[in-house]
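> Sequence:
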Amino acid sequence: MKENKGQALVEFLIIIPVIAFIILCLIDVGNIIANKNKLEDEMSEVIDLYSANRLSEISNYALLNNFKVTYDKEGDYIIVKISKDVSIMTPGLNNILGKQMTIETKREIYNGQ
Numbered sequence: 001m002k003e004n005k006g007q008a009l010v011e012f013l014i015i016i017p018v019i020a021f022i023i024l025c026l027i028d029v030g031n032i033i034a035n036k037n038k039l040e041d042e043m044s045e046v047i048d049l050y051s052a053n054r055l056s057e058i059s060n061y062a063l064l065n066n067f068k069v070t071y072d073k074e075g076d077y078i079i080v081k082i083s084k085d086v087s088i089m090t091p092g093l094n095n096i097l098g099k100q101m102t103i104e105t106k107r108e109i110y111n112g113q
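Mapping of the sequence shown onto the numbering used here: position 73 corresponds to residue 73, and the numbering continues sequentially without gaps.
Worth double-checking, as some hints may not be accurate.
In silico BS3-like links for lysine-lysine, alpha-carbon gap of 27 Å or less [as the list claims (entries may be wrong)]:
1) K36 <-> K68
2) K99 <-> K38
3) K84 <-> K38
4) K73 <-> K84
5) K68 <-> K38
6) K68 <-> K106
7) K36 <-> K106
8) K99 <-> K81
9) K5 <-> K84
10) K73 <-> K38
11) K81 <-> K106
12) K84 <-> K99
No wet-lab data here; the hints were simulated from the structure.
Use the sequences and the hints to build the structure in full.
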């Protein structure tokens, strides 16, 4: 038992990269969730502008806030979809998920006459 003075230091040095990787992954996941929530808020603004038939302002708003807007018509409904690319910064995680992850949200609104 006298020879195990450095054992705790070795175990600590082995586990530190794993803990750092987990913390960085949590930061990236938090960034993705925060951007998804922001995209949901921006969707409300886009829907308000669409309802007021101000499509040119939607394009300007999308450019300003760095997201893409698409519209699909299905019968009496319009599906408004907005998407945004989020960078994955954690080494290793970006090999699994890719360097960019696209998040999107969509809403279906009634457009009948």
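> Determine for every hint whether it applies to the structure shown.
To see whether the hints hold, each was checked on the structure:
no.: 1; hint: K36 <-> K68; in the structure: holds (14 Å)
no.: 2; hint: K99 <-> K38; in the structure: holds (20 Å)
no.: 3; hint: K84 <-> K38; in the structure: holds (10 Å)
no.: 4; hint: K73 <-> K84; in the structure: holds (21 Å)
no.: 5; hint: K68 <-> K38; in the structure: holds (14 Å)
no.: 6; hint: K68 <-> K106; in the structure: holds (12 Å)
no.: 7; hint: K36 <-> K106; in the structure: holds (11 Å)
no.: 8; hint: K99 <-> K81; in the structure: holds (22 Å)
no.: 9; hint: K5 <-> K84; in the structure: violated (52 Å)
no.: 10; hint: K73 <-> K38; in the structure: holds (25 Å)
no.: 11; hint: K81 <-> K106; in the structure: holds (4 Å)
no.: 12; hint: K84 <-> K99; in the structure: holds (13 Å)
Against the hints set out earlier in the document, a violation occurs for number 9 only.
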